[in-house]
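In case you want the letters, here they are:
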Amino acid sequence: MSWLRRLFARKRMELDLDKELLFHFDQQVADKVRSGVPESEARRLTHIEFGGLEQVKEECRESRGTLWVDSILQDLRYGLRQLRNAPGFTLIAVITLALGMGATTAIFTLVHEVLQRSLPVADPSSLYRVGDKGTCCYYGTDFENADGDYDLFPYDLYLELKQSSPEFEQLAALEAGGSTVSVRRGTTPALPLRSEFVSGNYFAMLGVGAFAGRPLTENDDKADAAPGLVLSYATWQSNFAGDPAIVGSTIYVETHPFTVVGVMPPGFFGDRIAERPPDVWMPLSVEPMINGAGTSLWPQGDHDTAWLYLLGRVKPQTRIPALQSKLSAALRQWMSSHVGYTANGGASEIPRQHVVLAPAGGGIQALQLKTGRALRMLMILSTVVLLIACANFANLLLARGASRRAELSVRMALGAARTRIIRQVLTQSVLLSLLGGALGLVLAYAFSRAILLLAFPHARNMPVNADPSLTVLAFAFLVSLLTGVIFGTLPAWASTQARAVEAFRASNRTAGDRSSIPQQALVVLQVALSMVLLSGAFLMTRSLANLEHQDFGIATANRYVLHIDPEGAGYTLERLPALYRRIEDRLSALPSATNVSFARYTPLDGNAWGTCIIQQGRPAPGPNDGCFSSWVRVSQSFLKIVGVPIVRGRDFSAQDSQTSTPVALVNQSFARRFFPNQDPIGKHFGVVDVKNSGAFEIVGVFADFKMNDPHHDVGPLFLRPLTQQYLGYSDPEAISSEKSSMFLRSIIIQFSRPQSDAENLLRHAMAEVDPDLPIFYFSSYSSQVAGNFNQERLIARLTSLFSLLALILASVGLYGVVSFLVARRTTEIGIRMAMGASRSGIVSLVMRGALWPIMLGAALGIPAALYVGRLGASLLYGVKSTNPVAYLAAVVVLTASAAIAAIIPAGRAASIDPMQALREQ
Amino acid sequence: MSAKPRFDLPQGTLDLLIMRIVALGPIHGYAISQRLQQMSRDALQVQQGSLYPALHRLEYKKLLNAKWQPSETGREAKFYELTAQGRAYLEAETENWNRLTDIVGLILKGTLEGAS
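Just so you know, the protein sequences line up as chains A and B, in that order.
Under this note's numbering, the letters of the first sequence match residues 53 to 973, in that order.
Under this note's numbering, the letters of the second sequence match residues 141 to 256, in that order.
Chain B on its own, in the form it takes in the complex (with noise of 0.2 Å):
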């Protein structure tokens, strides 16, 4: 389907990334799965066996709560929205991967001058 190489998350981070797109506001699973694809411009495809049981996951953990709404399509289905722990969590979460990604960054870089 997509050319471009997929990535194996690492562990954890699809919580984040779930967690972000809610943050814009209510959305079930499938809107999800497909604005992640989008984000990622098709870099990455959630498969179902691991976004619902993170899903599941997150709302058991009240950072998530879920309620039945119609869609777009008029069809009832499940909506998750942030809870204010959540937005908390995600904004710590972020702050902290921002934080890894510079120092990772720094420190890959930093190999690669002394190298060259």
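Pulled out of the complex, with its shape left as it was, chain A reads as follows (with noise of 0.2 Å):
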């Protein structure tokens, strides 16, 4: 500890050094005074003999064993002064190095977030999905994916599979889609929650257990089992406060009672990562009692609905391809047993049919399929960042390490040593790359929040943290220091290796320079990499503009949403015209409300019914005749409300009752696809089975509008009354569809001007209809309409922001080569200006000479961004990822700020006094 000790004792050491040397240069002098010389002349010549005390005493403190702690503290407390005396230098060095980390740590911890991350449960590794697709969320008698590989399961297909299957510890299947129940706790107002069913096995096969009570088991998931169910931590401490007497008291689903028999640990979050995770899990047993006759779990008749996926836990050792073909034959085997599957010429397609068995460490990948090109584009675009921060910091740099030639040169001639001068400016640059990762992790941090609430604004107790991935910011300090330490050390080094007087010499003339080549390198790798951003915020932007302002056929404009679940409130058949009408009658009592109607789901909302259309007098079409169309029920008025004009016949009447005939309203594309060439007016079709086509006859035809997905084109869609059950089918499981389609869940209003509180206005309304009847979900349609791009608008966004970081930095880039080219060139441009050159002849060779870079860098930069354009190109809507326009835009965006940057110093040179510059050499 001999270094510690004397690091202490540096101050006594200094001081005997001094005292030391000042002895010898005393007794030097006297001896000469002793000789005869005079004072002052001894004094001058023993300084010359001494040669530089300083440097003496340099080497003294190196001979004593480098005091490399010292040292490096002096060298961090002259860093820092140096970092003070360039603040200019300092904040740009900084603030380019956090922009650059804090977006790159931001977007690969969401990266790491939603697409790296294991589920919270025992041994994520031996977890195992039958299905690898995100095929959601009912499907019925049907072959799910045109290649054959099928992920939705019937329940008595997975009992099939659970049997077959001993490889499987244990083998577990989850409702795919999850809805939203009305639960209620005592006399309280029902809550809107999440729900999952789950089979009984479900938590034991994750291997969770409870944090309050117990999981559910096998016995919860009998049929004559209790009715039971495990709430999540969250909701367990945001709903129900917490209460730990809720573990054994009862609460009721959809006004069902069930005993809370556990709350889940924290932490859990089920199978996968969603905005909205499950609050309450409830075993696949009770799922008859809560969707009536509509179940899934055990639909009458012939037809199975597919409504669940397989998710399990493989024994070690188990032989994936094996147990993967040996499924996809029971899956074969099963199919061919069930005649839906093998009528209408089937059967020949059942040999295609096959299951994918797939990792699934990290649950049901839902969200990763929907978001994960998106977030692999956005990795690239924030590197493409850091990397031009980086080059921007190199530039910084070097133009620094340039305009300190001089100052190392007298440094050296006064007997610094070269190490120690590349010492401190290595530490220079890691005091920078420190300070600009300690803010870029603030950065990060805000990032990362900020995307995920534009990417999820629905997001409820979603398990997806915006703390930023220590890794991620591990690495892009690295890259940074690094750069640093290139960028620092490089010029220091060669400065030190220019003989001191040549520095002092050249200082301040040149004319055809070279020594800013790897400034302008840089800058134009910065200009490279801005086209791949500005091209790519084009795009984004263009495809977002085009997906948004795209004609969706419907008017949105001073309309609301409301979604109710009069079922859960406990409402029957019966007694809904009444409700319907309860409803209609106050909210259109409502000041400036023009109209009021309803609907199952309401256009792009992301949901609606689809089933396959039998025209009158065709046989059943086959398993590749596409016979599907999507069908909403609606009221009367409901196609009036969203600005949908008939194009043939007529709307729905206030004549189209129960007795009268059922009838249809279609679209063009469901005219177009079903009765082509033909007027569909007068036409019959049904659904389900060739007995019911000629359930409803076509009255009118209305205009296309979007429906489901705004990035597809319209299909078929038809439109059938709220006034009319059909009451034709003997098959059981239509006859409860039909049932379970006469709720209509959503309301649409419109006013005639714009409301400041209609939610507040609505909600009071509504209570007043009946309190008890929770509003599940409000918004202005125009909103609803607009969550559609909620990803699009982010990635959008993020790119422009991006891009647009990227034009500061080069531009930052750019105006500090020009200005130091300008400032090396100071003379020269004297000499030419006292020979006679213009001001604007000066601006524009200075003009010319920033140009060159910017021409060079579009030009390298226009490969590499129709690379990176057509790894996104199934992110862009309505516009092609080689649009020229794109490209061209982002050449002008570019030059044009690289003009601005460069004017700046190109005036100043213009400006310079032909006497001072050359007086000043």
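Just so you know, not all the hints are guaranteed correct.
[Unchecked claim] From the structure, some residues in chain A lie toward chain B, with a derived Cβ separation under 8 Å: (1) E72; (2) F75; (3) Q80; (4) V81; (5) K84; (6) F102; (7) E111; (8) S388; (9) A526; (10) F527.
The hints are simulated quantities; they were obtained by calculation from the structure and are not laboratory data.
Here the structure is a predicted model, which is why all the values come from computation and not from measurement.
Where is the CB? At the ideal position from N, CA and C, for every residue including glycine.
With the hints in hand, could you dock these two chains into one complex?
Structure below.
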């Protein structure tokens, strides 16, 4: 520990050193005086003989074993002082680094959280999902994907597979979609909570115990078991105030009593990352009780409902490919024995059907499938930002290194050791990286928070954490540190190599200067990278505009949407008409309300029912006939309120009642698809069974509008009136589904002018109709539609933000280089002006010099941008990734901002006073 | 100052010379440089830039010990003396040096005889 003692004895040592050398000096002077030299002369001579006193001291210090701690502290202090003395440089360098690190860390953190996260359960690596697609949420007896990949399962197929695959320790089934249910405890108002039905072995399969009480078990999942459920920890805390007495108590789900058997542990969020993870888990066995006749668990008749995902834990040393083949064979076997799959030519499809066994340590990859491509794109773009930031940092350091060349030469001449100088420059770069990293951490946190809010505006208890991933931050930090070390040290090293005399002589005089080539190369790199971001931003923004400003075919202004759940509030089919009448009367009476309508689903809320159309007089369609159409049950004024015109025939009217002919309205796509080159008015079609093919008479055709996914073209859609329940079905499942379709859950209300607080107004009015009918959802219609583009908007905004950053950084870089060149060429410019060069000639000289790295960078950037554009092509809507306008615009914007960055130093060059410049030599 | 030729000291020799002088008794830096000059009959004039770093290096290696005490003029000076370790080192190095010069001399002489 002697270096530590010496560290503290440093002051004394310095004093001793001074004293010792001074003694020597004085003795030498005294000797000279004694030999007859006058004292002043003696002093002068001794000074000369002595050489650099500081140099001697420094060498003495070094010969006492380098005091590395000491000198590092000194270098740190020196570095900080230097940074304080150049606040502009320091600020720009630190901000540049922080932005680069912050952006990259935020995006990589999200990627890590969303794409690479494992479920917080025991040994996630032995979890496998039977299926690898995102097919959702209810399918009938269908082949699910064109390539024969099957991933959404009916209950009886689940039981079959579970029984035939002992390779699984546990194979569990869980509801693919999940739904919102009314939950009521005591006399408090009903809460809309997210629910998920799971098989009894679900929690055992995951290996998750309860926080309080117990998890659901096989015993809860029996037909005769008392209904039980478990709550998520977050829901227990927020909706039930963490009341420990809730375990064992009774709560009502859709009016049915359930015992709360347990609360799951904090941090457990189920089987997938979702915006709104389940609040309650219920066993599959209670599904018929909740969904009534529309049950998916034990559908009646020949029809199966596929609505479950299968997730299992395999036994150690299970051979996955063999298990996958075995399950696929079992699937085909099961299908062959079900008439629903073999009928109408379906048998020929069965050999292609198979399952894929996918590792499911991260759970069901629904969100990942949805956002993966976008996140990966953002990952590439944020890395580009980091690269640009590093290039900028490098450039700043190079310029600074060059401007300090004279200073370093002086210090070397005064006896500073080369290694010490390089070490000091290194310390400074490290300091800058550290400061940048610290600020970057703060920015990364803010960025991740903001991105999460933008990407998932409806998130509740979402298990995605915005805390920056330290691994990523460390990586970004390392990259910028390396940049600092390389680009900070190289110029210092180069200037310590130069001989002092040359440095002095050349410090201000250059014309054809090659020393700025690395700086210019960095500018070229920045411009090329900025091209990638700028063209990307143009493409994404264009794509978003195409999406948002496309003609959806509906009107949204001054319209609001409410969701209710009459079933959950205990309304029966018989009491429904009265309820709808009361709501309509009450809401229409609101000031400036012009129209009220009901629909099962509203256009662009992401939902619709689908069915297979059977035209009257035609045979039952086969599996490849594309008989699919969406359908929605609506009240009479629906088309009027969403602003969709009738193009042929008539709208629904008050005459369409339970006793009149069952009617339907179809869209133009429907008419084209099922009744090509015919007048569809008066034609009949049915669903489910050829027997019903005359069920509905088409009385009108309405203009196409986007009902489902606004990214896709309009598909066939038909509407049926609220007033007509079709009674002609014989299939029990069709009967119950028809009944269930009578419950319309969406209310649309239109006002004649904008409302300031529509939500309160409507909630109050609805509470007057029935205080026990909870409002599940409220939104203005325009924001509901805009909600379809959250992801695109996020990407477009982030890309624009990134490219703005890139533009600023590249402009700052260029400005720095041009200023530097102008400063170096002051004398040359002075001579030119003295020889008669005009000021405009000087400006164009400087601008020409600034323009070529831009042009070169743009030229190099275009292929890179095209490549990245091709990777992101699938994210674009209505614009090709090779759209020349985007690339042209990027070049124009880059050139314009480069011109602005260069015009300032160019102006400075033009205002050089020739006499002054020449005298400065 | 001096008309006699100066020598560039071979590496490490300065340490040996300093220690030889210090071996005569406690002595400060200025006196060491004076003594070196005298004993070499002005052939050697050691720069302060070499002398003091060497002294500090030897002190750091614990071959020399330093203490402050009044000099001949009464002013406090830093006096160096050999440590036991330093004395052993000096003996060993002197031995080495003598052997080296003998050998070098032998060879140089031999070459001359052969050439004549």
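Quick rundown of the hints versus the structure:
1. E72: holds, 5 Å
2. F75: holds, 5 Å
3. Q80: holds, 7 Å
4. V81: Not OK, violated: V81 (chain A) not within 8 Å of chain B, min 11 Å.
5. K84: violated, 11 Å
6. F102: Interface hint status for F102 (chain A): holds (6 Å vs cutoff 8 Å).
7. E111: With Cβ-Cβ at 4 Å, under 8 Å, it holds.
8. S388: violated, 91 Å
9. A526: Because about 39 Å separates A526 (chain A) from the closest Cβ in chain B, which is outside the 8 Å limit, the hint is violated.
10. F527: violated, 42 Å
Comparing the model with each numbered hint stated earlier shows that hints 4, 5, 8, 9, 10 do not hold.
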